[in-house]
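Colleague: Work out the full structure: start from the sequences and follow the hints.
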Amino acid sequence: MHDQFNTPPDASHLLIAGRADGSSEKLTTGRMLPSRYRRRQSYHSSYGKRSQGDVSSRNFFSPHDYDSVHEYNLREYTQILGERACEQPHQSVGFWDPKMSKVRKHVLTLWVRTIAILMVFVFAVLSMYWAVFYNVRDNLRNLEVHVVDFDSQVAPYDNVTAIVGPVMTSLTRLIHSSSLHQSLGYRIIPPAEYSYSPIAVRRAVYNWDAWAAIIINPNATSMLLDAVTSGDASYDPTGAVQYIIQTARQESTTYNYILPQLQILTSRFMSQFGAAWTQMLLTDVSRFAPLIMAEASAAVNPGVIPLQIDLRPFEPSTATPSVTIGLIYLIIVAFFSFSFFLPIHNKYVQPQGHPPLRFWHLIIWRWVATAVLYLFISLTYSLVSLAFGVPFWRPPGSATEVAINATAYGRGSFLVYWIVNFLGMLALGVACENAAMVLGQPWTALWLIFWVITNVSTSFYPIELAPAFFRWGYAWPLHHVVQASRQIIFDLKSEIGLNVGVLLAWAVINTALFPLCCYFMRWRTEHQQREALRTRDRYVVHTTEGEREFPKREGDRQPKLGRGFMRGI
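Quick note on UniProt numbering: the sequence shown kicks off at 1 and runs consecutively.
Honestly, the hints are just simulated from the structure, not real lab data. Bear in mind that the values here come from a model prediction, so they are computed numbers and not experimental data. One thing to keep in mind: the hints can contain errors.
[As the list claims (entries may be wrong)] Derived SDA-like pairs: lysine to any residue, alpha-carbon spacing no greater than 25 Å straight-line:
{"hint": "1", "residue 1": "LYS105", "residue 2": "THR535"}
{"hint": "2", "residue 1": "LYS493", "residue 2": "PHE359"}
{"hint": "3", "residue 1": "LYS105", "residue 2": "GLN91"}
{"hint": "4", "residue 1": "LYS99", "residue 2": "THR535"}
{"hint": "5", "residue 1": "LYS99", "residue 2": "LEU110"}
{"hint": "6", "residue 1": "LYS347", "residue 2": "ALA371"}
{"hint": "7", "residue 1": "LYS493", "residue 2": "LYS347"}
{"hint": "8", "residue 1": "LYS493", "residue 2": "ASN207"}
{"hint": "9", "residue 1": "LYS102", "residue 2": "ILE115"}
{"hint": "10", "residue 1": "LYS493", "residue 2": "ARG471"}
{"hint": "11", "residue 1": "LYS99", "residue 2": "ARG113"}
{"hint": "12", "residue 1": "LYS493", "residue 2": "ALA371"}
{"hint": "13", "residue 1": "LYS347", "residue 2": "PHE514"}
{"hint": "14", "residue 1": "LYS493", "residue 2": "TYR257"}
{"hint": "15", "residue 1": "LYS347", "residue 2": "ILE325"}
{"hint": "16", "residue 1": "LYS102", "residue 2": "ALA532"}
{"hint": "17", "residue 1": "LYS347", "residue 2": "GLN529"}
{"hint": "18", "residue 1": "LYS347", "residue 2": "CYS518"}
{"hint": "19", "residue 1": "LYS347", "residue 2": "CYS517"}
{"hint": "20", "residue 1": "LYS347", "residue 2": "THR525"}
{"hint": "21", "residue 1": "LYS493", "residue 2": "MET270"}
Modeller: Structural data, given as structure tokens:
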């Protein structure tokens, strides 16, 4: 009797809706039940015109009746088909089966195209990170070092012929004019520009007027001559020349480039000065008695040793994640918060026993909820630094003296640090939210890579050493988070106003784009739903009781869905 069914349909997909006039309809499988098994089933031909999609109105069965009809027909039809209804509707085939040729070609095309896109993207974006270190040696001159010779130029030492200062200035001038171009940017500054005050030079380094400074003290030659003529055994050769640095400004740059170059300078200086000083002592025996010089051996050899003074050492070592790699996790956490919380937020617009929330109310809620999330996540991030010994309670230090573990605002440093991290998450995270809504999956993963690489490249390494292309990095948000964090933790030169201003600008711009991105995501989702409905054999209707499906008859018009990019404003 039932030979007309060549392939038994999957009974789990059967769906029958009743119609008020008692006419019968086809099953969703497209096959007719035998006449004696047909039931009073209906489908309202004008359903597509009903704007509210109310399946429980006067001309329709109630949800209880609908479920009863569905279960009854499903049970009866399963009994008719018997065991054949439990068979699989399709049989799997091999990869090279002729029936797979079309889909195999389509999949391979998509596979090759995706590989090409990823290759181009990886090469383009990762090149930005590699390019930061391109020709670093040639850009070392952008690290300016002030050379200030006070030797015998300040009273009461101005009546002594300078020996130490001229050797240092001539050597740095020679290095700077060298054709190798792989040296620091030595710049000889007249002492008058610093009001003949070595302390003013230290302040200039603290204020980032230079990456380092070389100070030849006013009494450098005078003390040396007095030591060898009087036999002063207490003479300290490190008091004549000073190297002023600030490691906490950028520890990797200081350790990798500045200090090695200063060591080279020290070796060459001691070699040249030692030869000149020895020659002077040997030729003027009447002035420098050998027995007296023997008592001041340090003044004879080496005579002068440059002293390194680090105004702001990079300590403690646990501060490293706070100003480098740890900040990457702020971006990552902010990025993945979109995937964590979007399904939760969408419950407001899914009518499951409640009416849907107005969309613009949802937008406001999402932004406020995201900002509050960033507030607590940034607090947790800040507490990690505090828990591992970053001394946020230490008072600030002097700008011209060595200060270890000094902080910018004393006991208030932690609060300011938390605020900076919160503004950083707001600037970085809302941009991730907007990108996720506009790009969609899987392209948001590429956005994360781009966002991390561009921020890291311009934040963890000095832009002065990078090619000129990277000057845009001064406007990137993570750059200002790093600068502000260093200023707070190490008591460096304060640019907190600029840093906070840039982060607020990013937050305001991304907040202004946030509603547009929300509406764009909804428009794209509804567009995809309309496209899917055109090819399906049934309608999916969202009601207060949940989703309902109704079979689509030939000639029925598709239910009208809301259209318009700005619908709902």
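Colleague: Please go over all the hints and tell whether each is borne out by the structure.
Modeller: Hints versus structure:
no. : hint             : verdict
1   : LYS105 to THR535 : 22 Å, holds
2   : LYS493 to PHE359 : 46 Å, violated
3   : LYS105 to GLN91  : 21 Å, holds
4   : LYS99 to THR535  : 22 Å, holds
5   : LYS99 to LEU110  : 19 Å, holds
6   : LYS347 to ALA371 : 19 Å, holds
7   : LYS493 to LYS347 : 48 Å, violated
8   : LYS493 to ASN207 : 5 Å, holds
9   : LYS102 to ILE115 : 20 Å, holds
10  : LYS493 to ARG471 : 21 Å, holds
11  : LYS99 to ARG113  : 23 Å, holds
12  : LYS493 to ALA371 : 29 Å, violated
13  : LYS347 to PHE514 : 19 Å, holds
14  : LYS493 to TYR257 : 21 Å, holds
15  : LYS347 to ILE325 : 36 Å, violated
16  : LYS102 to ALA532 : 21 Å, holds
17  : LYS347 to GLN529 : 18 Å, holds
18  : LYS347 to CYS518 : 15 Å, holds
19  : LYS347 to CYS517 : 19 Å, holds
20  : LYS347 to THR525 : 16 Å, holds
21  : LYS493 to MET270 : 33 Å, violated
When held up to the earlier numbered hints, the structure conflicts with 2, 7, 12, 15, 21 and fits the remainder.
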